[in-house]
Amino acid sequence: MRANAGAAALCFSLLAALAIPACAAETVPPRSGYEFMGRETRAIQDDDAANPGTLWVLDGEALWNRKTGPSGRACSDCHGDARASMKGVAARYPSFDKARGRPVNLEQRINSCRTEQQQAKPLAYESKDLLALTAYLGRQSRGLPIGIADDASTRPFLEAGRKAFNRRQGQLNLSCADCHDRHWGRRLAGNPIPQAHPTGYPIYRLEWQGVGSLQRRLRNCLTGIRAQTLNYGDPELVDLELFLMWRARGMKIETPAVRP
Amino acid sequence: MARAIINLPASAKRGEIIEIKALAAHEMETGFRRTQYGAVIPRDIITSFVCTYNGVEIFSADFHPAIAANPYLAFSTIATESGTIACKWTGDNGYSLTESVAISVA
Amino acid sequence: MKTDRKRRTARREFLLAAGGIAAGIALDSAAAPPPARAAASLASAEATQRAMEKITRGKPVNKGKVRLELPELVDNGNAVPLAVRVESPMTPTDYVKAIHVFTQKNPLPEVASFRLGPRAGRASVATRIRLADTQTVTAICELSDGSFWSGSADVVVTIAACLEEL
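Protein chains in written order, with the numbering used here: chain A, 1 to 260; chain B, 1 to 106; chain C, 1 to 166.
Everything labelled a hint here was simulated from the structure, so no lab data went into it.
Treat the numbers as computed from the prediction; the structure is a model and nothing was measured.
Cβ coordinates follow ideal geometry from the N, Cα and C atoms, glycine included.
Check before you lean on any hint, since a few could be wrong.
To be verified - Pairs of lysine-lysine residues, derived as DSS-like cross-links and limited to a Cα-Cα distance of at most 25 Å, are as follows:
| # | chain 1 | residue 1 | chain 2 | residue 2 |
| --- | --- | --- | --- | --- |
| 1 | C | K65 | C | K97 |
| 2 | B | K21 | C | K65 |
| 3 | B | K88 | C | K65 |
Said to hold, decoys possible - To be clear about the criterion: a stretch of chain B counts as covered by chain C if any three or more of its residues have a C-beta under 8 Å from a C-beta of chain C, and this derived list gives those stretches:
| # | stretch |
| --- | --- |
| 4 | 58-64 |
| 5 | 77-87 |
Claimed, not checked - Residues of chain A clear of chain B, computed beta-carbon distances all greater than 10 Å:
| # | residue |
| --- | --- |
| 6 | P52 |
| 7 | R83 |
| 8 | A149 |
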């Protein structure tokens with residue numbers, strides 16, 4: 001009797017061990033999408049002279065210094081040299097905006113500066129100029145760790161983002177977590193599934209043959225699982241951005257990253 | 001706005017082989033893609049690249065639609081003398097762009 | 001002893017840590033645009049052969065001297081890094097005149113032609129190409145003595161997973 005119970009207990013614990021799914025990305029050392037790319041694609045990201053994202057960063061630098069709007073002010077007139085003033089900024093966005101009572105992403109922050117301080121028109125989402133500015137600002141945080149505030153003001157939005165990340169949706173009834181927490185490292189249509197850490201946005205995506213934002217990538221995913229996609233700037237997308245950046249806390253910014 | 005980047009050493013020893021990297025901003029529309037309504041998007045590519053060293057051609061390339069967007073080239077030349085290395089890209093629809101970099105050779 | 005090399009571009013500063021640059025633009029007057037082409041099906045092996053013969057004009061093509069560096073499995077067919085290296089002393093009497101790259105299964109067989117010369121120092125060119133399908137990429141080089149040499153590499157191409165709506 002005792003031997004049987006012992007054997008049963010052993011079997012049970014073995015089965016339990018085998019049944020443990022791939023650890024959630026939050027509990028194992030997080031890995032950047034960089035690690036899931038081929039050696040040759042990584043080499044493109046590593047060399048500023050070969051990385052097409054550099055073209056957008058240089059455009060962003062030109063825009064930073066260009067006077068705009070009836071104010072006749074350039075970003076640099078208030079913020080000076082971005083290499084100093086913007087260092088670390090992209091690494092802590094999305095960030096809580098007191099006036100709006102909710103977090104805003106970098107694109108929204110740039111546009112509020114434009115409308116409120118420069119009296120200029122906001123830049124359209126995914127426009128070349130807005131991507132250039134976010135690429136330029138992101139570049140000023142390259143190598144710095146992501147750090148999103150987790151406090152009373154951001155917590156409700158982090159929770160909303162977490163719920164969105166874990167919610168099954170669309171015709172394929174998949175959640176972000178299904179692929180990116182439970183099946184990262186495995187392959188989807190021949191391509192490795194990364195852990196989905198937004199360390200390098202805006203990225204130069206080979207599929208797009210150009211630079212694009214995190215929201216563009218999220219909209220792609222929603223379309224991919226045959227869910228209703230969200231409009232650019234939708235609060236639910238910003239909540240998801242906030243959660244994803246929090247989930248990637250401590251990882252180094254790679255902007256402008258190259259991804260397949 | 002940034003249209004092209006040339007990268008090479010600021011200085012080199014005479015006789016040294018240096019690497020030149022040239023990256024141009026261009027969509028390189030192949031002419032094989034269609035809009036969602038089925039209309040063909042016309043071809044619009046860079047077709048030619050020429051690099052000169054103090055006015056003498058040292059390298060050139062012909063591009064076809066199979067060259068990726070934002071075309072990149074890396075090639076080499078022997079540092080012979082101080083002066084200017086110039087790169088010229090030309091293509092469809094009158095596209096033309098020239099960039100130059102100075103090099104000092106001791 | 002390592003010489004300190006500051007690589008620079010059109011305006012002397014490139015690495016953004018030191019302060020970036022905005023490269024200049026020079027635009028010539030517009031020329032007439034080429035006619036729009038119909039989307040073609042993937043080119044045939046005959047089309048590739050014909051394209052190669054336009055270069056070699058019936059001369060024999062020897063296998064060797066030419067090495068292609070390509071990923072065996074590409075991340076995305078839109079931008080595949082390619083390097084072609086040819087064994088050659090690159091002296092004024094023995095050098096690589098040109099390198100021509102071809103594919104078998106793209107809509108067009110020609111990819112690019114590169115013209116070198118003894119001033120290159122090394123017969124080595126790198127670029128990024130588009131590949132429409134799993135296939136063989138071939139490079140034919142022409143030497144200063146008029147001979148042709150070729151090398152090829154097989155590449156597996158899979159498409160990216162999620163299609164997008166803009």
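*asked:* Flag every earlier hint the structure violates by its number, smallest first.
replied: Violated hints: 3 and 6; rest satisfied.
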